[in-house]
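Given the coordinates of chain A, assemble chains B, C and D onto it according to the supplied hints.
Number of protein chains: 4
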Amino acid sequence: MLFFENDYGHGAHPAVLRRLCETNLVPQPGYGEDAYSRHARALLREACRAPEADVFFLAGGTQVNAVAIGGLLRPWEGVVSAATGHINAHEAGAVEFTGHKVLALPQRHGKLEPKTLRAALADFYDDPNHEHMVFPGMVYLSHPTEYGTLYTRAELTELADICKSCRVPLYMDGARLAYALAADTDVTLPDIARLCDVFTVGGTKCGALCGEALVFPKGAPERFLTLIKQRGALLAKGRLVGAQFEALFEDGLYFEIGKTAVALAMELRKGLLERGFALFEDSPTNQQFPVVPNALLPELSKRVAYSFWEKRGADASVIRLATSWATAPEDVEALFKVLDNRPSGG
Amino acid sequence: MLFFENDYGHGAHPAVLRRLCETNLVPQPGYGEDAYSRHARALLREACRAPEADVFFLAGGTQVNAVAIGGLLRPWEGVVSAATGHINAHEAGAVEFTGHKVLALPQRHGKLEPKTLRAALADFYDDPNHEHMVFPGMVYLSHPTEYGTLYTRAELTELADICKSCRVPLYMDGARLAYALAADTDVTLPDIARLCDVFTVGGTKCGALCGEALVFPKGAPERFLTLIKQRGALLAKGRLVGAQFEALFEDGLYFEIGKTAVALAMELRKGLLERGFALFEDSPTNQQFPVVPNALLPELSKRVAYSFWEKRGADASVIRLATSWATAPEDVEALFKVLDNRPSGG
Amino acid sequence: MLFFENDYGHGAHPAVLRRLCETNLVPQPGYGEDAYSRHARALLREACRAPEADVFFLAGGTQVNAVAIGGLLRPWEGVVSAATGHINAHEAGAVEFTGHKVLALPQRHGKLEPKTLRAALADFYDDPNHEHMVFPGMVYLSHPTEYGTLYTRAELTELADICKSCRVPLYMDGARLAYALAADTDVTLPDIARLCDVFTVGGTKCGALCGEALVFPKGAPERFLTLIKQRGALLAKGRLVGAQFEALFEDGLYFEIGKTAVALAMELRKGLLERGFALFEDSPTNQQFPVVPNALLPELSKRVAYSFWEKRGADASVIRLATSWATAPEDVEALFKVLDNRPSGG
Amino acid sequence: MLFFENDYGHGAHPAVLRRLCETNLVPQPGYGEDAYSRHARALLREACRAPEADVFFLAGGTQVNAVAIGGLLRPWEGVVSAATGHINAHEAGAVEFTGHKVLALPQRHGKLEPKTLRAALADFYDDPNHEHMVFPGMVYLSHPTEYGTLYTRAELTELADICKSCRVPLYMDGARLAYALAADTDVTLPDIARLCDVFTVGGTKCGALCGEALVFPKGAPERFLTLIKQRGALLAKGRLVGAQFEALFEDGLYFEIGKTAVALAMELRKGLLERGFALFEDSPTNQQFPVVPNALLPELSKRVAYSFWEKRGADASVIRLATSWATAPEDVEALFKVLDNRPSGG
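Chains as they are written, first to last, in the numbering used here: chain A, 171 to 516; chain B, 171 to 516; chain C, 171 to 516; chain D, 171 to 516.
Looking at chain A on its own, in the form it has when it is part of the complex:
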């Protein structure tokens, strides 16, 4: 069975796992005060060119979103997001559980466009009843988006400027950030650290066993460690995530993982287009979204693990094919063979 179902189906990148093995018997303090976490934080500050940054290591993506968003919003505020944003659609109401509304706006290619944001903010403040409404208190972006698409540096700059003018923080969910950084893009990690007030560097979907880094480039708010603890997100063995991020950021492994997966995804994209498949969204990152005839699915399911995305009319479906560090070039070739040998009805 060829595995293209997602980018978190395997364990950890071997170098990450090796680091856990090497450090296993060295006793360390708990709750993020271990040497590995300290070193990993320094490496992240360096990679972000943000010497003042505060970095926390949490276990998972929904968790880190809920802690960051729920922890930064003031009681009367909500978070602005594209309607397709992960927090709005696929996190089971985790933000709302912290007491805050997700203010969903229309998206284009999975992105919250600057003009959409600007208009929504203007409408809000123009409304004479806005004191009876949820104040926009943060802007959430995912990068890559849920469709694999990317913001440009110009877009990010414009979004950051709008946020600044309204004094609301810009938050980037980087659950798959490795793939964003490795794509054909003008957005670098230091750009993100410069333009966002807070963002995550995803581990789980980028080669780690678990773990997301939450980065405050200009320093964290007061008592954030206690807030993390309160929300059940402070790991006793902080070393578990710290050591993994140390491995990911020591010799550029994080960027390497992104490059490998994106290169294969571009192969995949090219081959899909050559074979006449339309793409639901044109993604420059590790997730590809071909439109396939439903008749093909039963055969495909026997040979390839993929994700069903959504129906596309009566006869076709959008599926997701994802690459990762664990994908081999041969896997892509083998997938093409499956597609080439498909029955004519497919």
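It is worth saying that the hints were derived from the structure and are not from the lab.
For clarity, every value in this text was computed on a predicted model and none was experimentally measured.
Careful, some of the hints might be misleading.
All copies of an identical chain are treated as equivalent in the list; a pair is satisfied when it fits inside any one copy or across any two copies.
Computed cross-link-like contacts, DSBU-like style, restricted to lysine-lysine with a CA-CA straight-line distance of at most 30 Å [as the list claims (entries may be wrong)]:
id, residue 1, residue 2
1, K334, K481
2, K388, K429
3, K429, K472
4, K388, K507
5, K507, K481
6, K334, K388
7, K440, K472
8, K285, K388
9, K507, K472
Showing chains B, C and D alone in chain A's frame:
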């Protein structure tokens, strides 16, 4: 430096880490549907003699407490706990964050005594204003307690009977359950599964890198997976905890880890008493709480990693010394030597 | 100044205030156990033809919505609402503050159409990832809607059937219910009590000083009084709302108030149409939404208190004109005169 | 039946009700922007000698406590209270529902003593693990306390100093403030406004139909109106509470109400002591807590409405007798007669 500071200072028991390495390259479904989690659940059901049990694997202890307690209580209910219970004292208000009060009662040796619970429940229901008060909706026990002490089977049975008569679930926080099961006790894992409505089997402090098993011996409430997701506690790579619990419960490793640590703790206890140290609480498990003169602490701190617990009058302190799978018999001997060579003022 | 700004600008209907004066010096138990509340509950049960109904009296509309919705939803559930629903737009995130998402759907004439609801529920349950999403756990309707429009009995029946088939309660926000019942409609109060699982009978906007009745036609869930208390919504002097609802429901006053206001609103509607004003929505209840040229607003503002609703292109605006028990026929005539004498540019 | 059950058993003081009648037909803007609320705020600022004060009018006591405490605490903070504090015991967990812990401390005569507070804060900050604990983020006092007792100016000053040194706000629950101000005390309303960061001026239990004023003597935090709305506590007809507070503070009525009730309570106290009844607490305000033999209760219940407070050994009970603006001197005399004619066993 001798390490007795806690039981989560090292990585994982080597056999646990080995399992992560062996399984690393096998692709698996996410969110707990992997083969390792499924097998680990079966092993836990067997170990608990609870064939109907539902088991969920979460990352950490505060998290699992908040999910279980906040998820089971109805809106108008709070959780009864000994005042020294971890949820009342050292979880940064994680239960209250879910909207529920901790109804703290006096403890004895860290335990919530049946008569205390019975009296509190009677007082509540006798109060003509109890409809304006928080209803006791669950009883929380930690086993071992925060002082390393254990409930007897008779006590647990009595507590369970009281809970049953009030129709409130009995919840046991087993963050250090391995040590409870390995101590000189009449309480077995099947006893716990029979007497409690829900309990945890701790991994983080018992040899895993991370992870707690949340066990509902008679089956979980509806939609509990979604509730876990909502609270940011559903790991994408569920395999991470599943594979570890598979290793812990496959050949009795969990019980072995407990035995090793408790045996060394009993050595420690004996040696401490022989050397004239009083014990703050007489703990039969892996945590020992000697009272030491403050004058000894500076010297001790140079050689031994320990936890400061609390002041004991003007001249002495309670410290905690903990053993784990990573403690060697030689460590205990070496600790004794440090104590024997202490300056006469110490 | 002519007052058409809203339906809560005056105090209480004189008969309601009179009742407060008559009962003022009779001592009564607190928290809803007074004789007036008990009688008012009996009157409501009778008016609803729901002898099993439980009725609670709360102070305000946002409050009663948040208590009912937040109190009935289970943790993993959200409430389905038209995007224009009051809870989604103008209650400052009160539902989200209780930890639950508002699942907003497109509306037509301010209404959640049965086919929209049916499709959304089907989409949800068809989605293979729906366990990672917020479950639809209640359906919220406002009747009249925020645009003054009304559901038909056929629509309500269909919505109730859909809810039943999904086992989710149907909740009706009746903040302005008096006007719905008095309009040209086939929906009666007993219909509402039969079709909805829970609904409110609004007092504040229908002639009371304050107060909303929360009605559970088939009986309230367990411990709902304590839940109300927990959410700060249990009035010590429950008599305040109880006595008002007694007055409102003793001799059909509630229906009378609705009739007076709706009759004047229909006059208003007719006159507006005759004068060439378009209506933003064609409302059969006490709120009318004419589209007026912006040039008219400065002059209008000097003579008439109205509510600005929203911009309508570059040159026009939607305004709201509301009638109530306090509106006199002469007020409508006077308003027409203001409109007739408007400058030609207006 | 003589009514001494509580101080909220009647409607409103006649002058308060008269004001509602006089203002009933004057249209006013909603949500606290009416002329009466504006005037009442000015009157309160004057009475408090706090020209910068922001004042909000809410409906009830539990509500205002939850809004003020939940709205001011930061996520990682809890509120310190005497264990007998109303928020800890009799508000059904309303503070916890907002996500925050009540940090209960031992009381003396219902009061939180300065030394108790100082020791608790020192213990907290001395604890090396305090980052894993709930931070004390506010101090709650009730004045009068739940036992009718009062803080002295010296005590309040000391408590305020401790709060200042820890930078936590001091909050006073003045649900029965009228009686505190009218008692034999050195604490004035301007003292309270000077020493507290936020406090309430209770209406419901001091002569109003409903309503509590929430006073921020140095100005309210940002967007507090929206926060009040979010928590369901913003009345559409703000005039209802505004007009009542206007009446209460226009000609010193609030103080008059307090004086009348306290004078009668002192009569009551004297007569109880003369008749050999012990007092559970020696209260200088409108609530008196005699210890009565249980044998007396059946007879007493036939003639007098009182509140059962708690059992006192096997044969006696503490009851509460409360006076209010509605109590007549003859009621006290009549109560004495009932006691004088009690059977010898009583």
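We went through each hint and held it up to the structure:
Only between protomers do K334 and K481 lie at most 30 Å apart by alpha-carbon distance; the minimum there is 27 Å, versus 39 Å within a single protomer. In the homo-oligomer, the alpha carbons of K388 and K429 lie at most 30 Å apart inside one protomer (28 Å), although the nearest pairing across protomers, at 48 Å, exceeds that limit. For the identical chains of this complex, K429 and K472 are intra-copy neighbours only, at 29 Å inside a copy versus 47 Å across copies, given an alpha-carbon limit of 30 Å. For the homomeric pair K388 and K507, neither the shortest alpha-carbon distance inside one copy (50 Å) nor that between copies (49 Å) is at most 30 Å.
In this assembly of identical chains, the alpha carbons of K507 and K481 lie at most 30 Å apart only when taken from the same copy (24 Å versus 58 Å across copies). When the C-alpha separation of K334 and K388 is checked against a cutoff of 30 Å, the pair qualifies both within a copy, at 14 Å, and between copies, at 29 Å. Proximity of K440 to K472 under the C-alpha cut-off of 30 Å is restricted to the intra-copy arrangement: shortest distance 23 Å within a copy versus 63 Å between copies. Proximity of K285 to K388 under the C-alpha cut-off of 30 Å is restricted to the intra-copy arrangement: shortest distance 27 Å within a copy versus 40 Å between copies.
Taking CA atoms no more than 30 Å apart as the test, K507 paired with K472 passes inside one copy only; the shortest distance there is 14 Å, against 65 Å between copies.
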